Amino acid sequence: MSSSNACVSQYCNAGWGEVLSHMSPYGWANFGIAFGLGLSVVGAAWGIWLTGSSLVGAAVKAPRIRSKNLISVIFCEATAIYGVIMAIILSNKIKKPEDSAYELTQYWDFPGFYYAGYGMFSSGLSVGLTNVASGVSVGIAGSSCAIGDAQDPSLFVKILIVEIFASALGIFGIIVGIIQSNSCNFPIAALQ
Amino acid sequence: MSIQSAAADAGGLHTFNILHGFPEALVRGMRSSFLLDADYHHLTQCETLDDVKLNLSESDYSSALAELGALTPSTLQKAAVEKLVLEFKYLRSQAVEPMATFLDFITYEYMIENVMLLLKGTLAGRDINELIAQCHPLGLFRESTMRSIPTFESNAKGYADLYQTVLVDTPVGPYFAKFLQEASARSGGDSFGVIEEVEIEIIKSSLLKYWIEDFFSFSQKLGGETAELMEEILSVRADTNAINITLNSFGTPLNEPQMRMSERKALYPSVGYLYPAGTHKLHDVGDEEELGRVLYLFPQYSGIWGVHKSEGGGEKSIDDAFYERDVQMLELAFEGQMHFACFYAYVKLKEQEIRNLVWITECILQQQKDEINKFVPVFSMHSPWRSK
Numbered sequence: 019m020s021s022s023n024a025c026v027s028q029y030c031n032a033g034w035g036e037v038l039s040h041m042s043p044y045g046w047a048n049f050g051i052a053f054g055l056g057l058s059v060v061g062a063a064w065g066i067w068l069t070g071s072s073l074v075g076a077a078v079k080a081p082r083i084r085s086k087n088l089i090s091v092i093f094c095e096a097t098a099i100y101g102v103i104m105a106i107i108l109s110n111k112i113k114k115p116e117d118s119a120y121e122l123t124q125y126w127d128f129p130g131f132y133y134a135g136y137g138m139f140s141s142g143l144s145v146g147l148t149n150v151a152s153g154v155s156v157g158i159a160g161s162s163c164a165i166g167d168a169q170d171p172s173l174f175v176k177i178l179i180v181e182i183f184a185s186a187l188g189i190f191g192i193i194v195g196i197i198q199s200n201s202c203n204f205p206i207a208a209l210q
Numbered sequence: 007m008s009i010q011s012a013a014a015d016a017g018g019l020h021t022f023n024i025l026h027g028f029p030e031a032l033v034r035g036m037r038s039s040f041l042l043d044a045d046y047h048h049l050t051q052c053e054t055l056d057d058v059k060l061n062l063s064e065s066d067y068s069s070a071l072a073e074l075g076a077l078t079p080s081t082l083q084k085a086a087v088e089k090l091v092l093e094f095k096y097l098r099s100q101a102v103e104p105m106a107t108f109l110d111f112i113t114y115e116y117m118i119e120n121v122m123l124l125l126k127g128t129l130a131g132r133d134i135n136e137l138i139a140q141c142h143p144l145g146l147f148r149e150s151t152m153r154s155i156p157t158f159e160s161n162a163k164g165y166a167d168l169y170q171t172v173l174v175d176t177p178v179g180p181y182f183a184k185f186l187q188e189a190s191a192r193s194g195g196d197s198f199g200v201i202e203e204v205e206i207e208i209i210k211s212s213l214l215k216y217w218i219e220d221f222f223s224f225s226q227k228l229g230g231e232t233a234e235l236m237e238e239i240l241s242v243r244a245d246t247n248a249i250n251i252t253l254n255s256f257g258t259p260l261n262e263p264q265m266r267m268s269e270r271k272a273l274y275p276s277v278g279y280l281y282p283a284g285t286h287k288l289h290d291v292g293d294e295e296e297l298g299r300v301l302y303l304f305p306q307y308s309g310i311w312g313v314h315k316s317e318g319g320g321e322k323s324i325d326d327a328f329y330e331r332d333v334q335m336l337e338l339a340f341e342g343q344m345h346f347a348c349f350y351a352y353v354k355l356k357e358q359e360i361r362n363l364v365w366i367t368e369c370i371l372q373q374q375k376d377e378i379n380k381f382v383p384v385f386s387m388h389s390p391w392r393s394k
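Sequence lines, in order, name chains F and H. Just so you know, we're using this note's numbering here: the first sequence kicks off at 19 and counts up by one. Just so you know, we're using this note's numbering here: the second sequence kicks off at 7 and counts up by one.
These are computed hints drawn from the structure, not numbers from a lab. Since we're looking at a predicted model, the values are computed, not measured. Beta carbons: idealized from backbone N, C-alpha and C, even for Gly. Treat the hints with caution; some may be incorrect.
[Unchecked claim] Cβ-Cβ distance ranges computed for the label pairs, FRET-style: (1) F:32 to H:15: 42 to 48 angstroms; (2) H:174 to F:82: 29 to 35 angstroms; (3) F:102 to H:391: 23 to 29 angstroms; (4) H:342 to F:25: 56 to 62 angstroms.
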């Protein structure tokens, strides 16, 4: 973007790299928390939506399946809980600087600062996106489980194993998210 | 047509349940209400109709038969059909678009039958109330509409008037319009001089043909698994109609060479496995030998035709062979989830079960125990295709 339209003031960004690095790491981190929690809840709600309607319909003709098949709903709910756990861990790591000056000094731990911001954003995305997939998958499997159980009770445990594997996807997300955000610490004071 | 504009995507695996999860789970729960092999076994062992009623009161029919006094085949049929209609109306009340339009399509077939019943009945001079009582409950119009159908005359102008004043508002109106249009085009553009003395059966076959084609294009628009399954089911249905039209036309004026090209050709549906090559060959078929030769080219129908030829009124009739093939296919519609074909399959399989029950009770009533096993059970473990 070199042409005469390029902005020359000192406050302009010289390229996309500068755009991204000029976004505050606090912003990155908080958006990570929002995505992590929001997408996890979207996945869980979608899953409960899918499995709940089938459960209610199948229980009309076969009322015995009512209580057992609530396990599918609980598996979906678990993905939302993973999102909440991750959000709480991440939001405890965000700290305000002690010295509330207008500008950060040159001795501020900028590498650690940016590392913390990017790390928390990506760990939020890890958890959120895997939980969307896990929630939808558990929902579809749960719907088939309710309908199959209504016809033949011996199918319940076997299809439950499919659901367990589906909800393992959410666990992968939270494990990786915790590893990513483990050493992310926001600096609270300048180095010297 | 406003019907076609209701066709939205039914949703794949991940979105189907949002709108249609509850009715689909309902109909799958209703699948477990079909009579089992053991039930059929007990029924065929019954000596009197009271035994039949006792046996049926332990099945899903218990509430339907509770108010019934003495069981006869016709009262049993009426009660069973009422039960099916009640279940269907419940499903229909829970459905949203596009499932609602799909379920409506299933009822149009019965509407066509009812309109034809009313027209035919008035030609024979029967009382309107008796005719309305005989109409199939799934295909009822408003009372006023039904009462005004027999007031029209059975000639060209009468039919055109009937369409313009009464039938145009009903869902089967468009099919009637197409019929009038095509019939007038065939006889040269005069829409009133069209139908001199067209037989009721020909009108009915034409209306059914338009219905099948309309239903077919609607389910193609729905896409996904619904489109695949309904394509298969409706193609087979259209072919069954084509073969039956040809078979039933032997020995009637429809079979004369000049009538074959003009009248009979227009009755073959333009969907199905026999279309276009097979129906083109069927145009000129004049007797059963030629029909057999044409069907020999289509492997799935040569088997059924073999049944018709081999005994000639012995073990199975060609209708039984068609029913067996239909049951096999419709049972498969319940195998996959998240599609609409299971609703169509449920209605048709329930109808087959009602036919079975009427057959069994008729055999018991007439004391013809050796004929009693000639029915096609639904979801049976002993079906010929399951033991292979």
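These are the hints, each one checked on the structure:
For the hinted restraint 42 to 48 angstroms between residue 32 of chain F and residue 15 of chain H, the CB-CB distance of approximately 46 angstroms keeps it satisfied. In this structure the supplied range 29 to 35 angstroms is violated for residue 174 of chain H paired with residue 82 of chain F, their Cβ-Cβ distance being about 50 angstroms. Hint check: residue 102 of chain F to residue 391 of chain H, Cβ distance near 52 angstroms, so the stated range 23 to 29 angstroms is violated. Taking the beta carbon of each, residue 342 of chain H and residue 25 of chain F are about 59 angstroms apart, inside 56 to 62 angstroms as hinted.
Checked against the numbered hints listed earlier, the structure breaks hints 2, 3; every other hint is satisfied.
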